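Q: Okay, here's what each chain looks like letter by letter:
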Amino acid sequence: MFGLDKKDTTLLIIVACLALFAPFILNPFPTGSAMAQFNAGYPDLMQRFVIFGIFAIGFNILFGLTGYLSFGHAAFLGVGSYSAVWMFKLVGMNVIPAIVLSVIVAGLFAVVIGFVSLRRSGIYFSILTLAFAQMSFNLAYSVLTPITNGETGLQLTLDDPRVLGVSQTADGSIPVTSLFGLEMRSTYEMVVGPWAFQFNVGYYLCALIMLVSFYLAVRIFRSPFGMMLRAVKSNQQRMNYTGLNTRPYTLAAFVISGMYAGLAGGLMASMDPLAGAERMQWTASGEVVLMTILGGAGTLIGPVVGAGFIKYFENIFSKINDTVLHQWFAFMPDGVEDFMVFVVHPFIGKGWHLTLGILFMLVVIFLPGGLVEGGQKVKNWIKGRGKSEDSKSGKTEPAE
Amino acid sequence: MDAILLQILNGLDKGSAYALIALGLTLIFGTLGVVNFAHGALFMIGAFCAVTVQRILNLSFETIDETKTDFLGNPAKVKTAYVESWFGPETGAAIIDWSVPLAILFAIPVMLFIGYVMERGLIKHFYKRPHADQILVTFGLAIVLQEVVKYFYGANPIPTGAPDVFKGSFDFGVMLGFDPNAIIYPYWRLVYFAFSALIIGGVFAFLQFTTFGMVVRAGMADRETVGLLGINIDRRFTIMFGVAAAVAGLAGVMYAPINSPNYHMGMDFLVLSFVVVVVGGMGSLPGAVLAGFLLGVLESFASMNEVKSIIPGIDQIIIYVVAIIILLTRPRGLMGRKGVMED
Chain X
1 MFGLDKKDTT LLIIVACLAL FAPFILNPFP TGSAMAQFNA GYPDLMQRFV
51 IFGIFAIGFN ILFGLTGYLS FGHAAFLGVG SYSAVWMFKL VGMNVIPAIV
101 LSVIVAGLFA VVIGFVSLRR SGIYFSILTL AFAQMSFNLA YSVLTPITNG
151 ETGLQLTLDD PRVLGVSQTA DGSIPVTSLF GLEMRSTYEM VVGPWAFQFN
201 VGYYLCALIM LVSFYLAVRI FRSPFGMMLR AVKSNQQRMN YTGLNTRPYT
251 LAAFVISGMY AGLAGGLMAS MDPLAGAERM QWTASGEVVL MTILGGAGTL
301 IGPVVGAGFI KYFENIFSKI NDTVLHQWFA FMPDGVEDFM VFVVHPFIGK
351 GWHLTLGILF MLVVIFLPGG LVEGGQKVKN WIKGRGKSED SKSGKTEPAE
Chain Y
1001 MDAILLQILN GLDKGSAYAL IALGLTLIFG TLGVVNFAHG ALFMIGAFCA
1051 VTVQRILNLS FETIDETKTD FLGNPAKVKT AYVESWFGPE TGAAIIDWSV
1101 PLAILFAIPV MLFIGYVMER GLIKHFYKRP HADQILVTFG LAIVLQEVVK
1151 YFYGANPIPT GAPDVFKGSF DFGVMLGFDP NAIIYPYWRL VYFAFSALII
1201 GGVFAFLQFT TFGMVVRAGM ADRETVGLLG INIDRRFTIM FGVAAAVAGL
1251 AGVMYAPINS PNYHMGMDFL VLSFVVVVVG GMGSLPGAVL AGFLLGVLES
1301 FASMNEVKSI IPGIDQIIIY VVAIIILLTR PRGLMGRKGV MED
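Chains as they are written, first to last, in my numbering: chain X, 1 to 400; chain Y, 1001 to 1343.
Extracted from the complex, chain X is given alone in its bound form (with noise of 0.2 Å):
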């Protein structure tokens, strides 16, 4: 189906599933109970997910066919959001031509950034990305004031001209992002005894480009450029021994990265059309390396496991608090309690970073292969045959 092998198909309809089916699946626990701290089926954080997911697809398609390190990523979701927003001020507060304008953009910014790192390889990139980013940063923040309105953020106003739609509703407020009419933060809330499920319109348009960008990921993956690609990450050097220049490929998945992620941070904007400096800076590129990473470089759905894991993880972990620590060990006698919650107590709320920084380095040192790989593991071991891991399917590269 859809150019796919059967594998492939099944994994996308998998994927299609878990997003359509997101506000049940992310909302197993009553509202009102004990547990229903950690739902996560709220539009706010099932948005996050799918636009952090497509980002680290974007990302998983330059680093893990190519190899190529980039630490700048952060820059083109920024310059996504950025023109999504101007489109907003400028002609209207429908999403596509936002979308459109900032895929074009990131994708041009992607073309001189990359045109520029990529005569370097290694480490050299790494840091050549990382120094574009910073920049790039740096000009948002203050030199570029003009555009970026530096450290307050872009935001809407009322005297926007918006010259295809209306500047101020009838009663005077700023209108809301809509696709034709959709309001992207319309809600449909569903409730079934005990259970809220909340529909999001903005969600479900997010979740479905998503869908196409994932199936376009897996197209790339499987077509001769992906092969391309691989080959460059195996051995750039033999590749160019051969008479084939490499350069090209190469820029042309670092463009259709920086694509994603501009789309990325033009769906972030239309969800909530602000545009800070902050989102381009190189910790947030760390971000989306760690998502790949975690989730599993180099394969198909690595990237929006690891996406969702440190995003759900980032909104239920840092929303436990001691009180609710002492609730979960309230069975224990008095003294264990305490000291059981004063051992989780780094861990958890604010220090919900210790967390991930410890399982980011489990991972990179026990997993290359990340969640994946992991997942993989733990099936075979199930199994209990001792099959090599060579054996299994082509779907996982270890993230090197």
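Heads up, some of the hints might be wrong.
[Said to hold, decoys possible] Some chain X residues judged to face chain Y by a derived CB distance under 7 Å, without partners named: (1) G122; (2) A131; (3) S142; (4) V143; (5) P146; (6) V343; (7) G357.
[Unchecked claim] Here are the simulated distance ranges between beta carbons: (8) X:V336 / Y:N1058: 29 to 39 Å; (9) Y:H1264 / X:N240: 36 to 46 Å; (10) X:N240 / Y:A1182: 51 to 61 Å; (11) Y:A1182 / X:I147: 34 to 44 Å; (12) Y:T1210 / X:I104: 57 to 67 Å.
Derived from the structure by calculation, the hints contain no laboratory data.
Fair warning: this is a prediction, and the values are worked out from it, not measured in the lab.
Cβ coordinates follow ideal geometry from the N, Cα and C atoms, glycine included.
Position chain Y relative to chain X; hints supplied.
A: Frame of chain X; chain Y shown alone:
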């Protein structure tokens, strides 16, 4: 003329921090061939060594002073630092005042130990793995170190003062025969510059004039041959990693009075120091030092109002622009050696 000199002085000062961190990074590249993204975290830990020493020296107990009363008429409570009670008020206060310089004594063993543990416990397993993995694992380590520090010291910057002797500034211009008030310069910045020059000189002398350093240099050039001569080169490289950590840590200790330590200062410096290393040339120690000072001076020139009025905002991006230009025209950096980190 005096304005230019002032900018050069400012730049040397900023450059000192860059140069020290970049020197440590280059030592690690050159010896172990590892890209250490946790180096900024080591710098940060150094600064927090100063904070720790300050806290230890300020540990105090409360006594009731009979001679005074507080505003309610009760006998007043007085806080006395242990150091003051042990050494007498005069000497004690003087010791507390010198907490930042004293922190150097504390930081050296701590940083050597941290470097040793880091190399043996983590980095050792990454020699054979690709640079991307090294970057990633040390990036993770940097996050962890940073969060641990944040957990113990909080997220706010902690003011750490220089000794009273070095507080304030003085008229540097008069000494050189300029008009008074032309070049006012803080004492501590001069101390920082002198200190970094001392450290840099020390590292170079150590590598140049000791047998140990000679072996390490030989190992940098050809690790296998040195190993075949029956020298335990891995052990020496481990020690060099400790030394590099100590250099970063000392840079941090002395930097504490200039900018109050906070938990993410390492990340802020890390990117810049990588840029410095790349500009100087991977694996070249003199290159790292030169590029550190060069970029520091350039940055402070770019922040002059005269320059900013011609090209607005140049001070924010000058370093990156220079780095990109240099990398594209001289791919190995200013003084890069052949074959280091080229894959």
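Q: So, as I understand it, the hint says P146 of chain X touches chain Y; can you test that by seeing if any CB pair is closer than 7 Å?
A: Violated, because the Cβ-Cβ distance from P146 of chain X to chain Y comes to roughly 11 Å (cut-off 7 Å).
Q: Note whether the CB distance of H1264 of chain Y and N240 of chain X lies within 36 to 46 Å or breaks it.
A: 40 Å, holds
Q: Can the hint on V343 of chain X be confirmed by a CB-to-CB distance to chain Y that is less than 7 Å?
A: Not OK, violated: V343 of chain X not within 7 Å of chain Y, min 13 Å.
Q: Holds or violated: is the Cβ of G122 of chain X closer than 7 Å to a Cβ in chain Y?
A: With a closest approach of 5 Å, the G122 of chain X hint holds.
Q: How about S142 of chain X: closest beta carbon in chain Y under 7 Å, or not?
A: 5 Å, holds
Q: Could you say whether the range 51 to 61 Å given as a hint is met by the Cβ separation of N240 of chain X and A1182 of chain Y?
A: 57 Å, holds
Q: Would you say the C-beta atoms of T1210 of chain Y and I104 of chain X sit inside 57 to 67 Å of each other?
A: At roughly 60 Å between Cβ atoms, I104 of chain X and T1210 of chain Y fall inside 57 to 67 Å, so the hint holds.
Q: V143 of chain X was flagged as interface toward chain Y. Is the shortest Cβ-Cβ separation under 7 Å?
A: V143 of chain X check passes; min Cβ-Cβ to chain Y is 3 Å, inside 7 Å.
Q: Would you say the C-beta atoms of V336 of chain X and N1058 of chain Y sit inside 29 to 39 Å of each other?
A: Hint holds: Cβ distance 35 Å, inside 29 to 39 Å.
Q: Within 34 to 44 Å: is that where the Cβ-Cβ distance between A1182 of chain Y and I147 of chain X falls?
A: 39 Å, holds
Q: With a cut-off of 7 Å on the beta carbons, see whether G357 of chain X makes it to chain Y.
A: 3 Å, holds
Q: Can we keep the A131 of chain X interface hint, with Cβ of chain Y closer than 7 Å?
A: 4 Å, holds
Checked against the numbered hints given earlier, this structure breaks hints 5 and 6; the rest are met.
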